[in-house]
Amino acid sequence: MSDPITTASFLGLSGALLGIGLFGILTRRNFILLLIAIEIAINAAVLNFVYFAAFASTPASGLNGQSAAVVLVGLAATEIAVGLAIVLALNRLRGSINVTEATSLRL
Amino acid sequence: MWQATYLFDWAFLLPLLPALSFVIVGLLGPRLKRLEHGGWVAVGFGFATMVIGVWIAVEEMLSSGGYTDQQYTWFSIPGNGTGTFPNGFSLVVGTLVDPISALMLIVVTVVGFLVLLYSIGYMHHDGGLPRYYAELSLFLAAMNGLVLSDNLLEFFLFWELVGVCSYFLIGFYYEKPSAASAAKEAFLVTRVGDILFLLGIFVYFATYATSGSAGGWAANGFPFVQGNQPFLAGAMGGHSTTLTIAGLLILGGAAGKSAQFPLHVWLPDAMEGPTTVSALIHAATMVAAGVYLLAVASLFLGFTPADQLAIVAIGGFTSFFAATMALVNTDIKRVIAYSTISQLGYMVLAVGAGFAMVGLYHLFTHAFFKALLFLAAGSVIHAVGTQDLFKMGGLGKSMRITGFAFLVGGLSLSGIVPFAGFWSKDDLLASVYGTLATHPVYWPFFLMALATVFLTAYYIFRAFFLAFSGPASRDPTLPTAHEASWVMTGPLLALSGLAMGAGLLPFIPAFASLLPGAGIPPHYGLSELALSGISLGLAAGGIGLAYSLWGNGKVYTAAPNSALGPVRALLLRRYYFKDAYDAIGLRGLYGLSRAADFVERYMIDGTVHGLERAFGGLSNRLRHIESGVVLDYAAFLVSGLLFLLLFLLVIAPWLVSTGGI
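Chains as they are written, first to last, in this note's numbering: chain X, 1191 to 1297; chain F, 64 to 724.
Certain hints may be false.
Unchecked claim - Reference excerpt, derived from the structure (chain X facing chain F, CB under 7 Å, subset only):
id	residue
1	L1212
2	L1216
3	N1288
4	T1290
To be clear, the hints were calculated from the coordinates, so they are not data collected in a lab. Yeah, the Cβ is synthetic: ideal placement off N, Cα and C, and Gly gets one too.
Modelling step: build the complete structure from the supplied sequences, incorporating the hints.
Written out as structure tokens, the structure reads:
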């Protein structure tokens, strides 16, 4: 029986997500788009957890991977909340959410 | 009647009392204004010391040559039969009253007391008196400790202590640059001798402390005597080469302390100190410690014939060499200082020729008449405020007591019968003359010593006539001289008495027991009488020449192109010895220091500072990476991640496959 969904294709998907996320992180200057890019990169990791949990020897140990995925989703939500708060503060402070303009936090 | 052992037990008081005075004057001196800033306290303690010291010496005379050793063991380590000290090792302190230390006690305590008393008048107008009296007391303590030491280590300890007191007191007028540098010079030059002495002690230790019949030496704390007997001299056979080397090193130590050639340069410069210090330390006692060391070493340790020849050569040559420099000097104190070096040369000569007791006899008389000369010179300086002989003149009329004292000292130094110097110096020359038959190699040094008699009489009477004869002082700006109070004239008269009579003391059998040995008291056979005649004739000739050139206010000036001119310049430049030592110090040592400084500053520090600068520059560059732009950081992050992936997925498997790791 040939399973159309192979490990390679799955890793390819999550690798693509990571690549898209990193590309966004490096190129976007809009803070909100930057946050979205980070979300995409995180979801690459979540996908990996879920996929490899399916290969667990017992169903109980498979829950480890799945619960890690749930925790990561929560973490991503928290991060977005904090990130958006910073966006609001930045917008209020500078009237712009272009990240290249916020350079005062340096040595 | 005499409880001989009773007072010997209290010999430890002799160093202790002046040490107590040192503490009291040093701490309370500034509050004792009415006691001359502690001066009278020091005089009181000095008097007590003198009474005890002379009393002990008298008891020693009556005990007919006994040795009394009071010893306290500081600590001792038992031996285990192997190692460096198979018989164990101990350190002791003790007081040894034997004939020669009793003799030295008389010198140190009597001259010490008289000089302290004289200081009350002489130093009255100076500042820093508590320091002066405290240091002088400390010196007395150390000197008494030195002569009472019963072992070599204790001896060395006090030897260093008198050296440092000498340093302090030469530099008493430390605001004067010349005094400060003279103090340093004295300390450094004598230090050369001290190190030789210390090396000599090490050689003795290495040779005798551990093996042979003297194997118990270290176990007993390196004593000079064991029981009532000198202990090492007999046990010292069989190591002649080592013994020669050790003897030469001891001679080096003595030469440093007693200002013998070639370590003589410091003593004339030491005249920068107060005249009283010159009288006590640099004429009567400390400089004599070198001679005392040689005498002690010749009695207890023993010298080989090669050592003896070296000692005779140094002593004989120094006596002549120093006397020539005294001929032309214009500073009244320096003339006497060269004379001291010259007379110490006599003593060294006698000890080297095997007559330690005759050397000590001359030390004894010399201490009195030389202290007298210095104190008389001090009285003159106190009165007229200059040390330049050519400015003085005619002082004999206004300062009769001082003039009389200087005359007595001068006659004694010249060796005119019956003054003290005659008996000891004549005995010394006769003793050395007696060895010439068996040691013809001593001849040149004996002749030098004999010629010195003429020079001595000439230079001291040149000084006498320049200062005291003539109608009036040559420099009219000098103040009118007058005699000082009794505290200064009293010691002058007391020392005048000693300078006249001290030479006759060994004819008393009890006193002669302090100097047990050949030639004491002097005996006068036909050859000795002839020799006395010659030396008296030489001395009289010297005095006559001095009178004809300088008497009655005359001032002899050589013709401008005279052959004497260059000689005079050479003598005034002190044979260029000081210049040579300065050159060694400045060029040699200073050059070496410069090289060391270069290594330190540029090579060691340079490395450290270079590293510091390199890392500083690097971090300065790296700082600019911190742009504050979030995207830049993200780029670093991603490139780091990419590198990690590259490493883990490509480089590491490749390395593993090629077997590189």
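Now for the hints, and whether the structure bears them out:
Interface hint status for L1212 (chain X): upheld, as the beta-carbon distance to the closest one in chain F is roughly 5 Å, under 7 Å. Below 7 Å, beta-carbon pairs count as interface contacts, and L1216 (chain X) has one with chain F at about 6 Å; its hint therefore holds. With a cut of 7 Å, the hint placing N1288 (chain X) at the interface with chain F is violated, because the nearest CB-to-CB distance is about 10 Å. Below 7 Å, beta-carbon pairs count as interface contacts, and T1290 (chain X) has one with chain F at about 5 Å; its hint therefore holds.
Against the hints set out earlier in the document, a violation occurs for number 3 only.
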